[in-house]
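Asks: Letter by letter, the chains look like this.
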Amino acid sequence: MEEIEQPSRNNLEGLKGWLNPSRYGWERISYWFQRLTGVFLLLYFIGHVYETSTIVNGQNAWESFLELTQTVWGHLFLILVIGACTFHSANGIRLIFTHSGIGLGTPGRPDYPYSPSSLNYRQKSGIWIALILSAAAMYYGFNILFGE
Amino acid sequence: MNNTDSINEDKIVLKVYRENRGQKSGAHYDRFEVPYKKWTTVLDALLYVKSYNDPSIAIRYSCRMAMCGSCGMKINGIPRLACYTKISELETSTIECEPLSNFPIIRDLVTDFSLFFNHHKDIQPYIQSNEGVETDTEKKTFSFYQSPEDVDRYLQFSYCIKCGLCNSACPTAGTDLRFPGPQALAQLYRYYADTRDESKKRLDIVDDRHGIWRCHFAGSCSKVCPKGVDPALGIQLLRSYMLGISKDNKELAKKIEINTDKDNNSN
Numbered sequence: 001m002e003e004i005e006q007p008s009r010n011n012l013e014g015l016k017g018w019l020n021p022s023r024y025g026w027e028r029i030s031y032w033f034q035r036l037t038g039v040f041l042l043l044y045f046i047g048h049v050y051e052t053s054t055i056v057n058g059q060n061a062w063e064s065f066l067e068l069t070q071t072v073w074g075h076l077f078l079i080l081v082i083g084a085c086t087f088h089s090a091n092g093i094r095l096i097f098t099h100s101g102i103g104l105g106t107p108g109r110p111d112y113p114y115s116p117s118s119l120n121y122r123q124k125s126g127i128w129i130a131l132i133l134s135a136a137a138m139y140y141g142f143n144i145l146f147g148e
Numbered sequence: 001m002n003n004t005d006s007i008n009e010d011k012i013v014l015k016v017y018r019e020n021r022g023q024k025s026g027a028h029y030d031r032f033e034v035p036y037k038k039w040t041t042v043l044d045a046l047l048y049v050k051s052y053n054d055p056s057i058a059i060r061y062s063c064r065m066a067m068c069g070s071c072g073m074k075i076n077g078i079p080r081l082a083c084y085t086k087i088s089e090l091e092t093s094t095i096e097c098e099p100l101s102n103f104p105i106i107r108d109l110v111t112d113f114s115l116f117f118n119h120h121k122d123i124q125p126y127i128q129s130n131e132g133v134e135t136d137t138e139k140k141t142f143s144f145y146q147s148p149e150d151v152d153r154y155l156q157f158s159y160c161i162k163c164g165l166c167n168s169a170c171p172t173a174g175t176d177l178r179f180p181g182p183q184a185l186a187q188l189y190r191y192y193a194d195t196r197d198e199s200k201k202r203l204d205i206v207d208d209r210h211g212i213w214r215c216h217f218a219g220s221c222s223k224v225c226p227k228g229v230d231p232a233l234g235i236q237l238l239r240s241y242m243l244g245i246s247k248d249n250k251e252l253a254k255k256i257e258i259n260t261d262k263d264n265n266s267n
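Residue numbers (the working numbering), protein chains in the order written: chain A, 1 to 148; chain B, 1 to 267.
No wet-lab data here; the hints were simulated from the structure.
Any given hint could turn out to be false.
Unchecked claim - With a Cα cut of at most 30 angstroms, we get these calculated BS3-like pairs of lysine-lysine:
(1) 16(A) - 15(B)
(2) 86(B) - 140(B)
(3) 200(B) - 16(A)
(4) 24(B) - 86(B)
(5) 162(B) - 124(A)
(6) 38(B) - 16(A)
(7) 121(B) - 200(B)
(8) 16(A) - 37(B)
(9) 15(B) - 124(A)
(10) 162(B) - 38(B)
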């Protein structure tokens with residue numbers, strides 16, 4: 001007998017559900033990335049507002065805070081921001097179209113083996129384009145921040 | 001290939017989730033060795049275990065042919081119908097059967113569908129007529145003319161067997177009990193798209209912050225649907241109407257009054 005933790009009364013997957021994107025294909029991974037980058041960018045935005053607000057304490061306070069981003073770790077963090085921003089924007093545009101019913105195909109009589117038209121090649125292409133754009137932006141950012 | 005290999009090939013380990021809150025026994029897995037052929041389904045394996053190993057395992061099943069939607073469970077972590085999943089297709093030596101996520105567990109693999117069906121009822125899943133055909137005192141009955149194109153707009157969504165797999169896979173349904181879930185939302189689109197339906201208030205039912213707007217198009221519902229219903233498509237199309245991007249230019253089906261009892265008697 002293998003004892004395990006008893007689930008809650010409603011047996012909801014909760015955060016565990018969306019923290020494990022590996023079971024349902026690229027669309028679920030894209031959903032996971034979109035949420036993850038959204039939360040990350042929100043935290044960055046709060047930090048960014050705090051960072052820029054230090055200028056009211058004078059030039060020295062501003063410059064000493066700015067030095068934090070001039071380290072290797074600071075640069076790596078900014079590269080992540082660039083990647084997250086690019087993916088969130090590109091994938092967000094794809095989602096604006098899908099939420100508007102565009103690019104999903106039309107309802108029809110399903111034939112076995114079923115292939116959902118909403119998970120068609122246009123959606124997969126959109127996800128891959130967002131990922132590639134994100135990687136390219138990160139590469140460009142890396143060259144700017146670490147280049148001579 | 002020696003004899004030992006061939007014996008190993010024909011058996012799998014079935015790992016079954018067990019939980020009985022009535023007896024306050026803790027949740028655990030029981031393991032059973034089950035022989036199988038290439039056509040054996042997971043439901044067959046569970047019934048074998050019930051017959052020869054442990055009759056106390058609770059499972060819900062009925063038609064054994066993916067029509068009733070009773071035997072939904074998580075098989076190797078993914079919501080599937082046990083009668084529709086062949087052991088040979090899973091290509092693993094251990095098969096893990098768990099109750100559907102996002103549904104309260106009654107016992108072992110049996111889950112409570114009360115909330116699921118309540119959400120389904122909330123979207124008023126029936127044809128509505130402004131003229132009140134059903135309550136007409138003269139008992140007039142009509143036939144509706146629908147072209148094949150009219151039928152194609154909703155037929156796909158009417159294949160739903162209410163197995164609950166889509167709600168179990170949905171990440172939003174896993175965090176919000178008030179979210180109707182992909183099944184109910186797709187059914188709302190099914191009736192909305194039907195040219196026989198004259199309801200003007202149908203969309204208001206899900207125009208809520210816990211309603212359709214909480215769908216973020218993860219697509220998992222369509223991925224696990226065993227009938228090709230594609231709930232994600234229905235939800236996005238419904239949303240496009242609610243946003244006003246798709247124009248609601250539905251032409252209601254032409255009604256043709258058919259013979260009443262009085263007419264039949266005179267004939």
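Asks: Just pull the numbers of the violated hints for me, sorted ascending.
Replies: Hints 2, 3, 4, 6, 8 and 9 contradicted; others consistent.
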